Amino acid sequence: MKIAVCLKRVPDTTTKIVVGAGGKSIDEAGVKFVPNPYDEYAVEAAIALKEKAGAGETVVVSLGGDAAQETIRTALAMGIDRGVLLKGDGSADGLEVARVLAAELNGGGYDLILFGKMAVDDYHHAVGVMVGEILGLPVLSSVSALRVEGGTVGGEREIEGGVEVLAAALPAVVTTDKGVNTPRLPSLKGIMAAKKKPLEVKPVSLGAGTMVVTGLSLPPERQAGRIVGEGPDAAAVLAQLLRTEAKVI
Amino acid sequence: MAAILAVTEQRGGSLRKVSLEVVAAARQLADAMGATVDAVVCSSGPVEGVAALGNAGADQVRHASHETFTLYNPDGFAATIASVGGGYAAIVFAATAMGRDLAPRVAAKLGVGCATDVTGLGTEGGAVVVTRPVYAGKAIQQVRLTGATAVLSIRPNTFATGSAAKAGTLQPLAVPAFTARVTVTAVKAPAQASLDVTEAPIVVSGGRGLREPANFKLLEDLAAALGNAAVGASRAVVDAGWREHGAQVGQTGKTVAPSLYVAVGISGAIQHLAGMRTSKVIVAINKDKDAPIFKVADYGIVGDLFEVVPRLTAEVTKLRAE
Ligand SMILES: Cc1cc2nc3c(=O)[nH]c(=O)nc-3n(C[C@H](O)[C@H](O)[C@H](O)COP(=O)(O)OP(=O)(O)OC[C@H]3O[C@@H](n4cnc5c(N)ncnc54)[C@H](O)[C@@H]3O)c2cc1C
Ligand SMILES: Nc1ncnc2c1ncn2[C@@H]1O[C@H](COP(=O)(O)O)[C@@H](O)[C@H]1O
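Each protein sequence line maps, in turn, to chains A and B.
Heads up: the first sequence begins at 89 in my numbering, then just goes up one per residue.
Heads up: the second sequence begins at 8 in my numbering, then just goes up one per residue.
Worth flagging that the hints you see were computed from the coordinates, not collected in a lab.
Because the structure is a prediction, the values reported are computed rather than measured.
Backbone N, C-alpha and C fix where the C-beta goes; we use that ideal spot for every residue, glycine too.
The reader is advised that the hints may include incorrect statements.
Unchecked claim - No farther apart than 20 Å at their CA atoms in a straight line, the calculated lysine to aspartate or glutamate pairs in the EDC-like style are these:
hint, chain 1, residue 1, chain 2, residue 2
1, B, Lys325, A, Glu333
2, A, Lys335, B, Glu322
3, B, Lys296, A, Asp321
Stated by the list, open to error - Some but not every residue of chain A turned toward chain B, in silico, with C-beta under 7 Å:
hint, residue
4, Ile247
5, Glu248
6, Ala334
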């Protein structure tokens, strides 16, 4: 079983966001970066599937700057066999990112190509599906349950008020959601081993794309709230306010 | 004349409410550009509610009918929409489970980017411009879409549905040949059919303050009194197995933007706020006056939820009966 995982380096989700000097991106000073949380589900799925198959290879691919090597090493420490850094600047256009990833993955002989359902920085929710379309592979997106057996892949995706059951033949693209598994933590042994695992660096350049970021701003501060009162007697006041002032009930 | 395509959704032969929001957003864009709006619906038979699309602002409804379109057919829907999509100035989807899967497929087929989860839109010098939350809603990105066709998805509960006096004529749309690479073999309904938190106009969420799963009955009663309300949860209680995964609001759960969000016994951790901070009105009920949730709440009650919530339910019931 040969499996690829696309992994993005993103700001830790607890990071306070400060708009950078250009006014179009964040100020990265002092920001802690982590592997995209949804991609960790994909990494875990790849390692577990290879363990189950008893043979094969797992590869992690990341597009980003040199610092993404650290993110790749985290995946290697979890148990991925080797890494590829596509060294270049990202793009605000998910299709340009997808094109570069697809070019690297094309012809690689992968049975499965895994993604997170979305990156928690740009929130596109798109790149994995786009790679599948570019490569002409079946795509099972946002799966919270995954089963691979006998050349087929099955998954479940949460939809509004229900769960869709998905099925396709391998090779396929899968994007992972919470619930699919619990990612392992890198062991000390894994961290040591990761240092010696192969990590290839390939320079790439992206097209201009069709999405131009013209600005980044902080959301309007919510007006500091009003404490209506204390204890159960405040409930009547609140209900009135919701009706006459906020007009929501 | 330029035209905009609004991609609607149906389930079980009934149009989904979010479809009207998609048409309303498309109408808003069309009015800014002097364009017309076509709505498209994919199904295997007649769809109840398509007449309402005209009133929501569609000039024409294109119906793509195929025997495999009973459930969502990712490759079939994408092929159909892409077959005509290049002729439109913009294609508007909803950022729902279906839209999140379908919009990037269509965008990739047309060779353009895809702006997802859009909360504001307009035009600037002829180009479509959108705003969309990024970094878990901690920042808002402004984006200009420069492709021949702008592909975007709107966040549910964000665009108000209007009523235009349009007729919305129904036209068949041919389904091209396609290969169904992935199939939806079934849809499992949850144990009790309930309103999804992402779509409900009112969400009442509970956290660890509820102490045990059975106490969520208090919130279900409040939701029933409010009407058209869904019950959500913090991650703490979902991880504890008190509520379904699908009810989790927050950064690793759902993003909701209802007109009213009531947080009960929820502290207001940053990851929870990520999922609900764009709600129009936020109410917090918490016994700790320093709980961070009060910093984002429009209205707060400091008190024991076990006393406050039943009273609130009673007051709401009384008011709504008037
Ligand atoms: C990577 C990551 C992702 C996360 N994603 C999410 C997410 O998607 N969604 C999410 O919600 N969290 C998420 N979290 C967890 C988050 O950090 C908090 O731990 C969680 O939201 C806390 O849940 P809570 O408010 O229910 O519990 P607590 O923080 O324990 O708060 C309980 C509250 O109830 C109040 N209370 C207790 N008893 C009563 C009473 N009788 N009457 C009134 N009030 C009472 C207390 O004062 C307290 O404020 C994430 C964390 C991480 C690290
Ligand atoms: N720069 C990148 N390098 C590697 N994988 C990426 C990159 N950007 C996005 N991805 C993958 O695509 C998924 C969806 O990202 P997005 O569409 O940007 O929300 C992520 O969870 C990753 O698996």
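Hint by hint, here is what the structure shows:
1. Lys325(B) x Glu333(A): holds, 17 Å
2. Lys335(A) x Glu322(B): holds, 15 Å
3. Lys296(B) x Asp321(A): holds, 16 Å
4. Ile247: This hint holds: isoleucine 247(A) lies near chain B, its Cβ roughly 4 Å from the closest one there, short of 7 Å.
5. Glu248: holds, 4 Å
6. Ala334: holds, 5 Å
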